[in-house]
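Asks: Once you have looked at the hints, place chain B on chain A.
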Amino acid sequence: MSFISIEFAAFVTATLAIYYIVPSKIRWIVLLAASYSFYALYDLQNLFYIIITTITVYLGAYLIEKIAKRQNDYIAANKDSLTKEDKKNIKASSKSKQRFILWICVLFNFGILLAVKYFNPYITSVHNLSVAYINMFRLNLLHNDDFFPFKNFIMPLGISFYTFQSIGYLIDIFYGKYEGEKNLFRFALYVSFFPQIIQGPISRFGELSKELYKGAPFDFINIKSGFYRVMWGLFKKLIVADRLGGYISATMSMKENYKGIYILLALLFYSLELYGDFSGGIDVAIGVAEMFGIKLTENFQRPFFSKSISEYWQRWHITLGTWFKDYIFFPLSVNKYMVKLGKMLRERGMTYCAKKLPIYIPMLAVWLVTGMWHGSTGRFVAWGLCNFVFIVLGTEFEPISHKIVTAAGLEENSFIVRSYRVCKTFILMSFLRIFDISHDTKAAFDGVRYAFEDWGLFSWDNVYTDLLLPKEDLIVVIVAAVIMLVFSLIQRKGSIRDRVFALPATAQWLILSLLIVAVSVFGYYGMGYDAASFIYGNI
Amino acid sequence: MGGIIKSDKIKKIITAVCKLVLIIFLLATLNRIFMPKYIFENQDGRITREYYPNAKYTDVVFAGPSTTLSAVNPLVLWDDEGISSYVRANTSQTMWISYYMIEDAIKCHKPELVCLDVTFIKYNDNFVEEPSTRKALDGMRMSSSKIRCVLASMGPDEKIADYIYPLFRFHSRWKELTLDDFKYAWYLKPVTVAGYIVDNEVDPAETDTLIYSRGADDRIGPKNMDYLDRIIRLCNDNDIQIMLFKTPAFSDNWSDELDQQIESKAEEYGIKYINFDTLNDDIGLDYSHDTPDKGSHLNDSGATKFSRYLAGFIRQNYSVTDRREDNRFVKHWEKLKK
Chain A
1 MSFISIEFAA FVTATLAIYY IVPSKIRWIV LLAASYSFYA LYDLQNLFYI IITTITVYLG
61 AYLIEKIAKR QNDYIAANKD SLTKEDKKNI KASSKSKQRF ILWICVLFNF GILLAVKYFN
121 PYITSVHNLS VAYINMFRLN LLHNDDFFPF KNFIMPLGIS FYTFQSIGYL IDIFYGKYEG
181 EKNLFRFALY VSFFPQIIQG PISRFGELSK ELYKGAPFDF INIKSGFYRV MWGLFKKLIV
241 ADRLGGYISA TMSMKENYKG IYILLALLFY SLELYGDFSG GIDVAIGVAE MFGIKLTENF
301 QRPFFSKSIS EYWQRWHITL GTWFKDYIFF PLSVNKYMVK LGKMLRERGM TYCAKKLPIY
361 IPMLAVWLVT GMWHGSTGRF VAWGLCNFVF IVLGTEFEPI SHKIVTAAGL EENSFIVRSY
421 RVCKTFILMS FLRIFDISHD TKAAFDGVRY AFEDWGLFSW DNVYTDLLLP KEDLIVVIVA
481 AVIMLVFSLI QRKGSIRDRV FALPATAQWL ILSLLIVAVS VFGYYGMGYD AASFIYGNI
Chain B
1 MGGIIKSDKI KKIITAVCKL VLIIFLLATL NRIFMPKYIF ENQDGRITRE YYPNAKYTDV
61 VFAGPSTTLS AVNPLVLWDD EGISSYVRAN TSQTMWISYY MIEDAIKCHK PELVCLDVTF
121 IKYNDNFVEE PSTRKALDGM RMSSSKIRCV LASMGPDEKI ADYIYPLFRF HSRWKELTLD
181 DFKYAWYLKP VTVAGYIVDN EVDPAETDTL IYSRGADDRI GPKNMDYLDR IIRLCNDNDI
241 QIMLFKTPAF SDNWSDELDQ QIESKAEEYG IKYINFDTLN DDIGLDYSHD TPDKGSHLND
301 SGATKFSRYL AGFIRQNYSV TDRREDNRFV KHWEKLKK
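Chain order of the listed sequences is A and B. To convert, note that position 216 of the first sequence is 216 in the numbering used here; the numbers rise steadily by one, no gaps. To convert, note that position 117 of the second sequence is 117 in the numbering used here; the numbers rise steadily by one, no gaps.
By construction, these hints were calculated from the structure, which means they are not laboratory data.
List time: in silico DMTMM-like cross-link candidates among lysine to aspartate or glutamate, alpha-carbon distance up to 25 Å:
#1 B/Lys19 x A/Asp219
#2 A/Lys69 x A/Glu179
#3 B/Lys6 x A/Asp219
#4 B/Lys175 x A/Asp473
#5 B/Lys175 x A/Asp466
#6 B/Lys12 x A/Asp498
Now the in silico label distances, taken between C-beta atoms and shown as ranges:
#7 B/Tyr165 x A/Gly111: 43 to 49 Å
#8 A/Leu510 x B/Trp174: 19 to 25 Å
#9 B/Ser144 x A/Ser37: 24 to 30 Å
#10 B/Ile24 x A/Thr377: 48 to 54 Å
#11 B/Ile24 x A/Lys295: 29 to 35 Å
#12 B/Ile10 x A/Ile223: 18 to 24 Å
#13 B/Leu27 x A/Ser459: 39 to 45 Å
#14 B/Ser144 x A/Ala10: 15 to 21 Å
#15 A/Ser459 x B/Lys175: 19 to 25 Å
#16 B/Leu151 x A/Ser459: 44 to 50 Å
#17 B/Lys56 x A/Ala10: 33 to 39 Å
#18 B/Lys175 x A/Arg302: 29 to 35 Å
#19 B/Leu151 x A/Lys295: 38 to 44 Å
Note that beta-carbon positions come from the ideal geometry of N, C-alpha and C, so glycine has one too.
In isolation and in its complexed conformation, chain A is listed as follows (with noise of 0.2 Å):
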């Protein structure tokens, strides 16, 4: 059951009319049932592995919590015999525990998506050479299908997402950030929650949990904001992001033939493409979340009208961008050997490598992280890494820049340095994409060097025809996503919905007619068309 699909309505709608019928203590149990269903219904397979991960950190979070407590009262008891240091030795050691729990928990569950994200292939012909090697001995002992469990993994629907929400739980707990779910049912439906599952966002237990379980009343204003929602989450994701993808794709496959323009407007698309692609989806699961009560993290804050790449990745993705800082760029950043580097570095004199090399360390680890979570191949790693030498370079060279535009008898804050700003941080992040729009990194190198050549071949007729954007579809395209960015730019003053329900009756449901024909007759959908994927979805 896909997010753009009539079932998936179905689907929401009837758990809305139980979760509003039972009483409000056991909505969370329809809202668990529901997103096992939903998970259930996408593949049975997947069932095991969201199973697995919820029980194992569920349990690490418990013997976690159970060695402080543990502590706090062999301590509290024995608090007139023990001295500081003994106190100090049983908490080193409780602490140790508490690590090994963790790090078991952490390695195992990445393991799991490890192997299902990276070693598909390895594991399928270690599969295939077992069974050439059974049938070369004739031994029928077994089926095909069933010799080797794990053959063929289908990558269970947003392992990332729930893997990465899980085990940020689980740190949390480690660091005593606040109390774990002692009930592993309502632990399960913080693992699973049915809107998020696909793409995100990636939400934190201190948060969501008082969401979850609260058993929101029914109130109108929440399924009428929610719809909208869930509305322009589609106008995003069926009208201006599905209708790009043919373009991208023919070009990148015809790169030799369509050089210069058609390839800087594969970039230019895919920007927008993969915006609306990943903020409709999460439109949609934010909206939906909404109509249960249930208000989710956003996690996009107008990214294009970023100054700089590193403020663009504070806007982009934000749910996994703080968990990369809070989970690994911190404790890495405060790691003793880093601490001791810094120290070092000091004392031979580089005051300013001391300062910065403790930084730009764990940002690299941070960026070659978030390359090999975005994919399993060699160009998502080096998107990482261009990610991170863009961002080193924008800040060495920031004071550079300043002085540039003092020079030039500019304000920063004028309207022409941050249009300018902007529109270089959206060119070089769109460069950037071209990893993702590559089958490997030769060929996004050739990519790019082919947006610079044939420029005077291009012909609108070849956009049209051979690359399949017909004339009337990059019309749709360009006024849709003309909208989409003005109401980026309307939303910085605030909720573009709290001013329509502001609005009279009438205009309010002139504007939902208009989103509602808008979707249902602009919308990419339908026999013929692949509205069903998220391009997220397959993380």
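Replies: Below, chain B alone, put in the same frame as chain A:
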């Protein structure tokens, strides 16, 4: 105070209902605008829709594929024998679609006779042709028969929601919409005469001898056979006479084996099966004039000859009321003639 609260509540409910009605009207209008109108071409797409105003005047229902709709002219049946009929046929209409067309017809108005053209039984059970299915079913009123018919006819890429709300299928027509799509969104003038579409083209057959060339081992698929069974039982259960026939065509895409299987099925139920190919001389068909496509179908001249013969055949072999004395029917057919 209580009265004010109550009237406020009523006001809110009325407003909500009005909004809901408006949304439904908007969505229905959109649907109507985007659905193909079949005014100037593919007019067979209108046959199903145009049946309903004719239902109460239908004593004989013809069901079958394009061969039926090009061969049976209900106007001739009316003029010659006072038989009031409707052709519920469509291009590539499979046996299962025919079954549900008949079931739907019985629900609207019980006919006296059902005439089933079995020509399409020769195709295999997996036959799917989305455009034809759509032409046959988009005009069908919403009922359990329609839903079951869709489920029986859909291809693997199709979705039932696209049939329940056809805008999901036809929304991409926004590029080709014309003024006619808006003009005829809610009202369409009839283009068929009781399901018959006039075709005056002439494209003679290339030979003058008809020899069936399908293989000797030509078994009817289980799904086709099952629906043939179900159609006969449906008619029997409703006390409706049924005739199985194959419309005349100068096409070699048929076999004696098929005839034998249908004949034995007809015998099993004690009903008639007539392959009108064997009566070409009696009907007077001349495939150098009477076909628009080298013999696959009949044109208007061929349809007139065949319908004349068919009218006499039905009158002789079945009990169907002669409605020429019934003013209601006379007026109806006069209107259709205009």
